Amino acid sequence: MTFKNIFVYPRYPENLSKLYGLAHNLWCLWDYDAINLFYRIDTHLFRSVNHNPVKFLLDLPEEKMNELSNDKGFLLELDRVWQKFDEYMKYIGGPQNGNGDDCGLNKNIVIAYFSMEFGLHESMPIYSGGLGILAGDHLKTVSDLGLPVIGVGLLYKFGYFTQRINLEGRQEELFLELENHYLPIKEIRLPDGRPAFVETRILGENCRIKLWQIDVGRTRLILLDTSVETNPRHLRDITNELYVSDRDKRIQQEIVLGLGGVKALELLGIKPNVYHINEGHSAFLVIPRLQKLMAEEKLSFSEARALIRTSTVFTTHTPVIAGNEHFDTKMVKKYLEQEIRQLGVSFDEFSAYGFIENNKDTFCMPALAIRFSRYVNGVSKIHGEVSRKMWAGLFQGTQTVEIPIGYVTNGVHWSWISEPFTNLFNRYVSPNFIHCRGKGNIWQKLADTPDEEIWEAHRKNKLKLIEYIRRKLAADLVARGYSQHKIANITRLFNPDFLTVVFARRFAPYKRATLLLKDKERLIKIITNAKRPVQLIFAGKAHPADAAGKYMIKEILDFAKDRKLEDRVIFLENYDIDVARHLVWGADVWLNTPVMENEASGTSGMKAGMNGVLNLSVPDGWWAEGYNGRNGWTIAAGKYYVHTELQETAEANQIYDLLEEEVAELFYERNGEDIPERWVGMMKESIISVCGNFNMNRVLVDYSKKFYGTAVKDYAQLHENDRKSLRESIAREHEILKGWNFVTVKGLTTNIDKEEYVCEGDTIEARCVVDLGHAPSELFTMELFYMSGNKLNFRIIPMELKSRDWTTAVYECSAKIEGYGVQNISARIRPADPTVQDLHPEMVKWSD
2 MTFKNIFVYP RYPENLSKLY GLAHNLWCLW DYDAINLFYR IDTHLFRSVN
52 HNPVKFLLDL PEEKMNELSN DKGFLLELDR VWQKFDEYMK YIGGPQNGNG
102 DDCGLNKNIV IAYFSMEFGL HESMPIYSGG LGILAGDHLK TVSDLGLPVI
152 GVGLLYKFGY FTQRINLEGR QEELFLELEN HYLPIKEIRL PDGRPAFVET
202 RILGENCRIK LWQIDVGRTR LILLDTSVET NPRHLRDITN ELYVSDRDKR
252 IQQEIVLGLG GVKALELLGI KPNVYHINEG HSAFLVIPRL QKLMAEEKLS
302 FSEARALIRT STVFTTHTPV IAGNEHFDTK MVKKYLEQEI RQLGVSFDEF
352 SAYGFIENNK DTFCMPALAI RFSRYVNGVS KIHGEVSRKM WAGLFQGTQT
402 VEIPIGYVTN GVHWSWISEP FTNLFNRYVS PNFIHCRGKG NIWQKLADTP
452 DEEIWEAHRK NKLKLIEYIR RKLAADLVAR GYSQHKIANI TRLFNPDFLT
502 VVFARRFAPY KRATLLLKDK ERLIKIITNA KRPVQLIFAG KAHPADAAGK
552 YMIKEILDFA KDRKLEDRVI FLENYDIDVA RHLVWGADVW LNTPVMENEA
602 SGTSGMKAGM NGVLNLSVPD GWWAEGYNGR NGWTIAAGKY YVHTELQETA
652 EANQIYDLLE EEVAELFYER NGEDIPERWV GMMKESIISV CGNFNMNRVL
702 VDYSKKFYGT AVKDYAQLHE NDRKSLRESI AREHEILKGW NFVTVKGLTT
752 NIDKEEYVCE GDTIEARCVV DLGHAPSELF TMELFYMSGN KLNFRIIPME
802 LKSRDWTTAV YECSAKIEGY GVQNISARIR PADPTVQDLH PEMVKWSD
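Here this note's numbering is used: the first residue of the sequence shown is 2, the next is one more, and so on.
Please keep in mind that the hints were generated in silico from the structure rather than gathered at the bench. Do not rely on the hints blindly, as some may be mistaken.
Straight line, CA to CA, 27 angstroms or less: simulated DSSO-like cross-link-like pairs of lysine-lysine [unchecked claim]: (1) K299 <-> K555; (2) K187 <-> K65; (3) K739 <-> K299; (4) K739 <-> K640; (5) K73 <-> K158; (6) K487 <-> K562; (7) K335 <-> K293; (8) K487 <-> K521; (9) K562 <-> K526; (10) K85 <-> K73; (11) K714 <-> K272; (12) K463 <-> K446; (13) K755 <-> K739.
DEER-style ranges, computed between Cβ atoms [to be verified]: (14) P432 <-> V479: 38 to 46 angstroms; (15) F176 <-> D559: 23 to 31 angstroms; (16) G394 <-> L204: 48 to 56 angstroms; (17) G22 <-> R472: 26 to 34 angstroms; (18) G774 <-> P510: 47 to 55 angstroms.
What you are looking at is a predicted structure, and each value in this text was computed from that prediction instead of being measured. We put the beta carbon where it would ideally sit given N, CA and C, even for glycine.
Sequences are here, hints too, so could you generate the full structure?
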């Protein structure tokens, strides 16, 4: 017997329709007037449903709904919030004039933003950490700015796990099923009313994928879901868990995201001008794009790849090769060989785009993404440099400094700013600051804000944090089996007047959550100082397969329990957006201790800094750019040591020194009105510097100007005159490939080769002889590559063809010597055509 599932909604009073309209758009979860509207109805219930507005309304008794429909005060407030929402949805203005015109974007442009996870709200755990939170902030900000971006991701049945700590202090993982109809999400339906589905092949079977949509302000997020009754169980559970450990399930997820995501956009009539791949998980999207261009538009593989590269942005977030998504090549072949055959190329030919150097056993997803993306970026200045070195194997023959991987330092959305500070910013900065570009002098206005107002806003945040901790900790400790007496003691003793240091992030070994415990006896003295006490809050999840990360959690809990410091050292379970929100609002100091060059960016410190919380961090990721000597502290003592143990000892001791001698002293130093004036001065500097430089508006403007707008323009140029320039470039590519193996750079000579003294301002006369075989000279460009000793600054001086005698060509140029010290020069030959250069960065030969 088969039953058809039908979800039936209650019938609501007509004058409350706006309330339900608000509940189905995530704008209502980042605007404080809207949030307070739900709190006004029933605070306890709103908290109990994890601030999920749809479930909240479905759980409200009919009597309460009728009461609200007759409450004139509530209806007046509802109308006011609805009007604010309506104005937001229709807003025109801001840095992009409402539609991105000054970035080369207009309302007819579409950017498809693919990501494995999106952190939008705590009630929708389809995210695990920083990557997802950034993706969520990305969508919220394109909504604020009116940019033409559409998100594409997966809808997980269980999402990421819920963390519980057992009586032994060990992490346990619970997987709680999401009820889609109880979330701010809706089925996508076709014009004829039918639910929208696409199909993709998984090992010869058709897998049906249901399409859902989340409205993120003015932005759409399309989510793909394989939990469809008509799918066999092994296909139905593909989208069960985020970052599932089963490698077959993981590659199936990424096939659904990449291939299915492109098909979903096509079904909905969405034709992206630019594809933005957020981390390597969705890189398989290049396959259906190749198929479409080659089958429907009759392009060659090279022509199609050139167009895809021109219209693709890839953002890498992982600073270690081993941490990047990769699969056994045999597994990729098993799943995708049939799809690749449709391209008219062999699997071996295609798989080379996923290899790093000569490792043919591992198919690296970021390698595939980089080779099909013209615009590649890291997420901080340091990370850009690390990425160029890390991916140098994909650009053999290219100097590291010239590898085309840039950076756009991350930022965060304004919704991470607490309500007290939002109110301050509305008054002292601008009532429309959420639409401002953010960079510039606008935030300097906060320097004149009265100290007492800054401190009072922080005090409100801290009291709210303490209240939240006591409420959450009581519930968590009951679940762990603690006695009511012990719970009462712990929750009562956590003090809002104590200096509060927070470490909250994913528990991975490189993040070093336990560095602070290096010298436990010294730490205990700092914590229990009678005049300047300190309390510590830890929060974070370890991946289910990360035993070392789990042990770090247990070490912290054991330390607090064994030393009877459970009132001063607290671990908060189930670090999610709600926990993070309260911590970044109410902490005094935000601690960050990763191994150098292992933190791609980090954004939690930005969120804290926007709320006046002072960062105490290793100068990695964003903090290397954010620290200015007045807005926090940097932990740099380890840079003088090579040995890991010595580094950690030095850095731990520096943290202790700072806490004892500077941080605690500044915090507890008060004026006659009990305000720590110098501390508040640093808070202002933190707000001004972080809000001004690390807001997500600035990030989206950077992406739009550096990548999106440029990609749209370059793609259009390749399409001009029936793709005439593209066809000509590919013809030149074929001709170069035929003769490239015969091209030899025989040697570089200069007028200074035998000079004993070379001085700044002298002129180098360079001459290079090249054997071009039978290839025409105009296919190539010869260049003198001039680099300073630090290998960061370089110049490229074109060399002029002076003579051609059968196969031998002579090139010459002159260059003025700039600066002094050790400098380097060499000559190189490469294709002259920019499109061929772009397709073949490996096609370069240097002088001996």
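(message) A range of 48 to 56 angstroms was offered for this pair. Does it hold for the Cβ distance of G394 and L204?
(response) The hinted range 48 to 56 angstroms is violated for G394 and L204, with Cβ atoms some 31 angstroms apart.
(message) Check the hint pairing K73 with K158 against an upper bound of 27 angstroms on the C-alpha distance.
(response) violated (40 angstroms)
(message) Within 23 to 31 angstroms: is that where the Cβ-Cβ distance between F176 and D559 falls?
(response) holds (27 angstroms)
(request) Measure nothing beyond the straight line between the CA atoms of K562 and K526; if it is 27 angstroms or shorter, mark the hint as holding. (result) The hint holds at about 16 angstroms.
(request) Given the hint that K487 pairs with K562, test it: the Cα-Cα distance must not exceed 27 angstroms. (result) Holds, because 12 angstroms separates the two Cα atoms, which is no more than 27 angstroms.
(message) Check whether the Cα positions of K739 and K640 lie no farther apart than 27 angstroms.
(response) Outside the cut-off at roughly 50 angstroms; violated.
(message) Quick check on a hinted range of 47 to 55 angstroms for G774 and P510, using CB atoms only.
(response) Given range 47 to 55 angstroms: holds, Cβ gap about 53 angstroms.
(message) Please verify whether K739 and K299 have alpha carbons no more than 27 angstroms apart.
(response) holds (23 angstroms)
(message) So if I understand the rule, the pair passes when the alpha-carbon distance is 27 angstroms or less; does K299 with K555 pass?
(response) violated (59 angstroms)
(message) So if I understand the rule, the pair passes when the alpha-carbon distance is 27 angstroms or less; does K755 with K739 pass?
(response) violated (38 angstroms)
(message) Between the alpha carbons of K85 and K73, is the straight-line distance 27 angstroms or under?
(response) holds (18 angstroms)
(message) Between the beta carbons of P432 and V479, is the distance compatible with 38 to 46 angstroms?
(response) 43 angstroms Cβ-Cβ, so the 38 to 46 angstroms window holds.
In this structure, the hints that do not hold are numbers 1, 4, 5, 13 and 16, in rising order.
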